[in-house]
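Could you put together the complete structure from these sequences and hints?
Protein chains: 2
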Amino acid sequence: MSVLDWLLGRPLSVYEQEGERIGPWAGVPILGLDALSSAAYGPEAALTLLLPLGALGLRYVAPITAIIIVVLLLVFLSYRQTIAAYPNGGGSYTVAKENLGQLAGLLAGAALAIDYVLNVAVGISSGVGALVSALPGLLPHTLLLCLAILAFLTVMNLRGLSEAGAAFAIPTYAFLGSLGTVVVVGLVKTLLGRGHPLPVAALPPLPSPVEAVSAWLLLKAFASGCTAMTGVEAVSNAVPIFREPRIPLARRTLTVIILALAALLGGIAFLCHVYGVGATVAGEPGYQSVLSLVTAAAIGRGAFYHFTMLSVVSVLALSANTSFADFPRLCHMLAHDGFLPDSFAVRGRRLVYTGGIVVLAALSAGLLILFDGLTDRLIPLFAIGAFLAFTLSQAGMVQHWRRTRGPGARKSLWINAVGAGATGLTLVVIAVSKFAEGAWITLFCVPALVYLFLRVKRHYRRIAREIATVEPLEPPEAQPPVVVMPVAAWNRVSQHGLSFALRLSSDVHVVQVRTETDDTAELEGTWDLLIKSRARACGLAEPKLVILTSDFRQFFRPFIDYVLELEGKHPDRDVVVVIPDLVLPHWYESLLHNNRGTFLRTLLRLRGSSRTVIVNTPYHVQPPPETEPLPLQGDPGPS
Amino acid sequence: MSVLDWLLGRPLSVYEQEGERIGPWAGVPILGLDALSSAAYGPEAALTLLLPLGALGLRYVAPITAIIIVVLLLVFLSYRQTIAAYPNGGGSYTVAKENLGQLAGLLAGAALAIDYVLNVAVGISSGVGALVSALPGLLPHTLLLCLAILAFLTVMNLRGLSEAGAAFAIPTYAFLGSLGTVVVVGLVKTLLGRGHPLPVAALPPLPSPVEAVSAWLLLKAFASGCTAMTGVEAVSNAVPIFREPRIPLARRTLTVIILALAALLGGIAFLCHVYGVGATVAGEPGYQSVLSLVTAAAIGRGAFYHFTMLSVVSVLALSANTSFADFPRLCHMLAHDGFLPDSFAVRGRRLVYTGGIVVLAALSAGLLILFDGLTDRLIPLFAIGAFLAFTLSQAGMVQHWRRTRGPGARKSLWINAVGAGATGLTLVVIAVSKFAEGAWITLFCVPALVYLFLRVKRHYRRIAREIATVEPLEPPEAQPPVVVMPVAAWNRVSQHGLSFALRLSSDVHVVQVRTETDDTAELEGTWDLLIKSRARACGLAEPKLVILTSDFRQFFRPFIDYVLELEGKHPDRDVVVVIPDLVLPHWYESLLHNNRGTFLRTLLRLRGSSRTVIVNTPYHVQPPPETEPLPLQGDPGPS
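As they're listed, the protein sequences go chains A and B. Per our numbering, the first sequence starts with residue 1, numbered consecutively. Per our numbering, the second sequence starts with residue 640, numbered consecutively.
All the pointers check out, no bait thrown in.
Calculated Cβ distances over 10 Å to all of chain A for the following chain B residues:
#1 775
#2 895
#3 913
#4 1071
#5 1077
To give a feel for the contact side, a few chain A residues facing chain B, derived at Cβ under 10 Å:
#6 103
#7 470
#8 530
#9 615
#10 616
Simulated from the structure, these hints should not be mistaken for laboratory data. The beta-carbon is built from N, C-alpha and C at its ideal position, and this holds for glycine as well.
In structure tokens, the structure reads:
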């Protein structure tokens, strides 16, 4: 078994496709981790902005969360419809492109692509951040931990979907189970305590208010809280990965994810309200996450508390996985439409889009390294991409229903229109209130990426036009080619090459470039004896020996100049460069030889024309006898 | 002017060689920096080991330094002879090889090579260490500073010797001038103060003794002090870089370096004694280098003090340069004898051995990064390499004189024999007293490197034997080759390739591999119309269309299996694989195309035989018209 097989699993045939498809049990971890993990930072983000209001801020948690849940449910209804309308994958890119035109599709695609990359970096680094705040001994290894988790996610996803789902199921369901328990226990205690339960563990006092309530502050808190909604488009984008019956299974998965998320968001907001839990300031002494405080208040700081925190950490770290499921599919669709290189459209050994997975891993590794594993500041950047995609997708669905005019289309149209309105409004709120904090970067990068897509497409179109032909086969040119072959010394390698060169033409130029360090004077002496007279004896045309000298110790320039000169002299003939090539039994042995052949080929390709044909004649050397002694004593100088 | 020309200077012809040769003025900075800079850490290293003796330790400074100076002068006399006997470069490698045999030469070469790499890392990091202890604000940028200095040294040396000498002259002569002034002023004040001068600036009190004097302690202090002698072999190794008259100029350079070093070592030791300067503990509060204390005592802490300290810092940082002058020459000699790859023997655009410079820079950058720019702990490792080389070199000279038997040979023999004895004894002292502190690493690495050299040599020998031939030209095989060409679709690229393929043989197999993502169904339809009937009309043999399918979405495996199968079927014919190749006007455009041709070539080279010839037929696409609009609206799917 090769290392690749062990790491990535054996290659799968296209007929094994069905076995790689998934149902809701695997779908919730694979496609829901991103959305569900938002419950861990959405409420905290909103509460942090309410901090200046002191205890008064808690009054606004419930209404803000309620609005977020309403928008979430609108988005849910909207995507439920998209799944049915686009069973082959109705990501925002497809829906916007098919209904609003290519440019809208590309905008949605660019927004999502940026979002997915940010999500990987932010998800992993916030998970590791939570881990190292629990175990400060790990702090110096933050970046290493981030990269290790990234490597784990990458390998799992290269292995394929069904295995990835299995690996992520345990932390996902542990997260849902433990946080669900916290919410239920808290609700029961609230009922028993007539609305005023006593916290099991003591809570830090809320700070005194330093600011009056303002609409701006509440808008900002709402915008921050909306990060809880990122990732909910994942299911609609990935409908094809479900097994049949595809649509109901995908819808059921989406329903589970959204309802669980809504319940968690609502439950956490309610418990914050009744227990009086506010945010503490991150980075200052005594900081604790809101989830930690709520859990401690409802259940106390026993074993269950630690289990809950562990599940939160793992879900945050693994939330990056949703990007791994969706980013490669998005790239595949863009590549299929000609906006990204073909290689993103090719499925690898395990039926996954290897190119997208590798690029996503590389880009997010770049971000993690650039920010030393501390990407929390990137959080404001990525809600905007998600909401831009939501809005375009739902506006597209409105257009879709307008054209469909089927039964129920009117109702569906209204659902999507309300959804589009709500997410569009949210988008404006986020863009304005988070502009200075980084939203401008996203607003700059999205058009830049769209421009890049269009440039790529233009390139492919142009090349396709340039090489397209309906002309038939061209017979080879009547004139034989001119053949040029570089030779440093007469040996089996050059002998082998010259033998092939003589087959091509009777006009063969054997070129020796004399540089200071080549010890090549012998060739002229043996030329008459070994080549000329032998060629005559065999009735072959004699090859010409051409000696070039280089004062600048360069081989390539004089040789290529000679080739180009020949091309100029013979405008109607091909110039074939025969490069003899020594092939060694082991790859590491080639480190000991200059790879002139490879350089020469690259240079000829760049500087030559369509008439410059390159021929490699390999000469394979046999593996050595094992018993050869080391040259402890012996001849000085290379033999 | 290209970027390379600006950075490295225009290429030099071999006829400009003489202008790149140097005299003593440039020779002292280029070849003496390593030796001279040792004055900055040798005395400190000895004094640090005498710390446990308290004030009593100062009594032993003078005798220890005296012994070091005696050994230094013996080495000097010895190398003076070597310069005359080996005017083409009498590095330890050459002298040991020619007189004691190949293995002794390789031992000396390995020891020196390790030494040179360590010297670069240690020199730069100790210079930067002194700098950041003066300017603590730079502390976080230690590694960056180290790498910047390394990059500067690398570029200067790639530019060539004469320019490097000019750049390093100022700090070298500033160092000699300022430290010389300190010593002279101190001596004069001692005379005026009748042996008991008053320090200008107050000195820290010497600690009370915590240990009694022991032979072991004094031996260790001596071994540490011997690091002051590293680098003195540089001149003898580099005799060819001097202009004529070579031998006297090289000797004069060596004399200047050694006498200056001896004077500085003696002067510093004397001033430590009369002023009562001991070492302070590095890394503890109040630490100051011995040079800083001596300068402050003799001159005070004014502007001159700061100038002196600055010159010490720059000389330490630049001392790495001696390695840059010598390491590439050593590699060149090893490569010339077949123990290292050929590329080390090639001189680059500026007549320097580019390969050696780049490898030295890479290895020392690796050490600096690995140790985060703090390589002080490596100091014990590198005196041992230097003394191993000294001893082998002088033992070789003894053998040399024994064979020469000329006039004065007997006297010369004795000088070298005493030198060999002294350095051999010192080597044993260092190896024993520093064994646990890291000398064992050098003692392990030297034989490992020798083994590597021998393996490389064995490889070259074997390949030379395998490819050597005195047989004449082989006429091409009588049978025409079988030609195989991969084609995905019919276009100008494949048209161009097929036209060349038909020239080679009448037996052409056009192979299409159908994978899931290739959209290639059309080829079969057009085949009859565009290729078959046309070939018939032109009187050409019809090429065969071969369709292969791949369930595993792989192009390469089925194609290569087909080629190997053809080779099996036709054991007496060449199999020529024609790879049509789309060449784009800009390099970045090729990122947008899969580079199947390159992969295919690599795989065929590895898996094929000497009969598998590879032909690349390039099709060059023209640069695009600038005005082409972006495809804002248009066809979906790649055209």
